Amino acid sequence: MELFKVLVIIGILGVFFGLIPLWIWFVQKRENKNRIKKVNLKTLMIWYYVITIIAIGGIGLFAFLDNKYDIKNSKPKTYTVSEPKVEIEAEWFEGYRSRDDNHEVKKYYKADGYDPNAEFGSPNDWKGRPCQSYSHDVNHLVLGHQMIKVKYTFYGLNGLGRGKHREYEPTDIMQFVKNPFDKWKTKYSTNDYFDTFNTGINRDDSQFQNKLLKNSIDHYMYINYEGPKWLIEEDKDFFMDEVECHIINPKYSRYPKNEKKNYYLHFNPKQRYITLYTKKFNTKNN
Numbered sequence: 009m010e011l012f013k014v015l016v017i018i019g020i021l022g023v024f025f026g027l028i029p030l031w032i033w034f035v036q037k038r039e040n041k042n043r044i045k046k047v048n049l050k051t052l053m054i055w056y057y058v059i060t061i062i063a064i065g066g067i068g069l070f071a072f073l074d075n076k077y078d079i080k081n082s083k084p085k086t087y088t089v090s091e092p093k094v095e096i097e098a099e100w101f102e103g104y105r106s107r108d109d110n111h112e113v114k115k116y117y118k119a120d121g122y123d124p125n126a127e128f129g130s131p132n133d134w135k136g137r138p139c140q141s142y143s144h145d146v147n148h149l150v151l152g153h154q155m156i157k158v159k160y161t162f163y164g165l166n167g168l169g170r171g172k173h174r175e176y177e178p179t180d181i182m183q184f185v186k187n188p189f190d191k192w193k194t195k196y197s198t199n200d201y202f203d204t205f206n207t208g209i210n211r212d213d214s215q216f217q218n219k220l221l222k223n224s225i226d227h228y229m230y231i232n233y234e235g236p237k238w239l240i241e242e243d244k245d246f247f248m249d250e251v252e253c254h255i256i257n258p259k260y261s262r263y264p265k266n267e268k269k270n271y272y273l274h275f276n277p278k279q280r281y282i283t284l285y286t287k288k289f290n291t292k293n294n
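Its first residue numbered 9, the sequence shown is counted upward by one per residue in the numbering used here.
Source of the hints: derived by calculation from the structure; they are not laboratory data. Take these hints with a grain of salt, some might be off.
To be verified - Computed list of lysine-lysine pairs in DSSO-like fashion (alpha-carbon distance at most 30 Å, straight line):
no., residue 1, residue 2
1, 259, 287
2, 85, 186
3, 259, 93
4, 244, 287
5, 244, 288
6, 93, 41
7, 191, 265
8, 268, 222
9, 157, 93
10, 195, 237
11, 37, 85
12, 13, 41
13, 193, 269
14, 13, 172
15, 157, 269
16, 195, 85
17, 191, 159
18, 93, 13
19, 219, 191
20, 159, 76
21, 237, 268
22, 222, 292
23, 186, 268
24, 288, 219
25, 159, 259
26, 186, 93
27, 259, 193
28, 172, 265
29, 288, 159
30, 237, 265
31, 259, 85
32, 222, 193
33, 292, 195
This one's a predicted model, so the numbers in the text were calculated from it and none came from an experiment.
The task is simple: from the sequences and hints, build the whole structure.
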């Protein structure tokens with residue numbers, strides 16, 4: 009393809025700087041035989057080349073500036089996605105088993121002066137496994153987890169281009185999908201494509217019981233997480249949901265195709281981003 013483009017450019021230059029001047033030369037030379045006042049062919053050729061160079065140079069300069077500054081306003085606009093909003097509502101320790109008598113503790117105990125390093129044989133004991141903490145409510149050690157209630161609000165797919173599995177990012181999505189949700193539009197349409205971004209198709213494989221929900225009116229997605237704190241400290245891209253998204257129409261790139269394609273929405277709680285992949289990662293079963 010690149011060789012073809014080079015040959016086309018060489019051909020065009022050959023026509024403007026070779027064939028056309030040669031044709032003009034022979035035509036004017038023939039016409040000079042019948043003229044009283046002869047045309048200076050050398051001067052004519054000089055003016056031809058000057059005008060041609062200026063014209064081609066002007067076209068090339070305009071193309072360069074348009075490519076850099078989008079003078080014709082023909083390129084899809086790109087906007088920066090704002091950082092997500094993270095609101096921690098509560099943190100507590102949730103105990104469920106006594107260490108001393110192996111008794112099921114059926115009520116939740118708040119951690120009075122919770123110290124994650126107290127009475128631990130290893131710092132890893134509380135990473136996804138029962139940990140130990142002192143509770144004044146029962147006056148002895150109980151096993152459980154440090155819990156958290158937190159809300160994440162996302163204003164775009166801020167993980168595109170920075171996820172853990174970028175080789176599985178979709179390559180046929182529209183350019184506006186990389187913009188904030190309220191900019192999911194095209195220049196040639198008034199459609200709000202965030203409104204047609206369908207979620208909740210299938211999330212049975214997700215490790216998170218909390219859904220990643222969509223607010224179509226105010227253009228954001230959010231998750232109200234309530235669970236073990238260790239899970240949201242993991243630096244992994246967790247599968248959250250299967251979604252439907254418009255894709256590029258190769259025949260008419262100004263608009264997306266009418267039909268949609270399914271992708272997999274992922275959430276990284278540590279890096280605080282959401283992104284799309286063509287494959288599921290970190291599901292309930294792996």
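Cross-check of the supplied hints:
| no. | hint | verdict |
| --- | --- | --- |
| 1 | 259 x 287 | holds (27 Å) |
| 2 | 85 x 186 | holds (10 Å) |
| 3 | 259 x 93 | violated (39 Å) |
| 4 | 244 x 287 | holds (14 Å) |
| 5 | 244 x 288 | holds (12 Å) |
| 6 | 93 x 41 | violated (83 Å) |
| 7 | 191 x 265 | holds (18 Å) |
| 8 | 268 x 222 | holds (18 Å) |
| 9 | 157 x 93 | holds (14 Å) |
| 10 | 195 x 237 | violated (43 Å) |
| 11 | 37 x 85 | violated (54 Å) |
| 12 | 13 x 41 | violated (42 Å) |
| 13 | 193 x 269 | holds (18 Å) |
| 14 | 13 x 172 | violated (37 Å) |
| 15 | 157 x 269 | violated (33 Å) |
| 16 | 195 x 85 | holds (9 Å) |
| 17 | 191 x 159 | holds (23 Å) |
| 18 | 93 x 13 | violated (48 Å) |
| 19 | 219 x 191 | holds (23 Å) |
| 20 | 159 x 76 | violated (40 Å) |
| 21 | 237 x 268 | violated (36 Å) |
| 22 | 222 x 292 | holds (22 Å) |
| 23 | 186 x 268 | holds (17 Å) |
| 24 | 288 x 219 | holds (16 Å) |
| 25 | 159 x 259 | violated (41 Å) |
| 26 | 186 x 93 | holds (18 Å) |
| 27 | 259 x 193 | holds (19 Å) |
| 28 | 172 x 265 | holds (28 Å) |
| 29 | 288 x 159 | holds (23 Å) |
| 30 | 237 x 265 | violated (41 Å) |
| 31 | 259 x 85 | holds (20 Å) |
| 32 | 222 x 193 | holds (17 Å) |
| 33 | 292 x 195 | violated (41 Å) |
Hint violations for this structure: numbers 3, 6, 10, 11, 12, 14, 15, 18, 20, 21, 25, 30, 33, all remaining hints satisfied.
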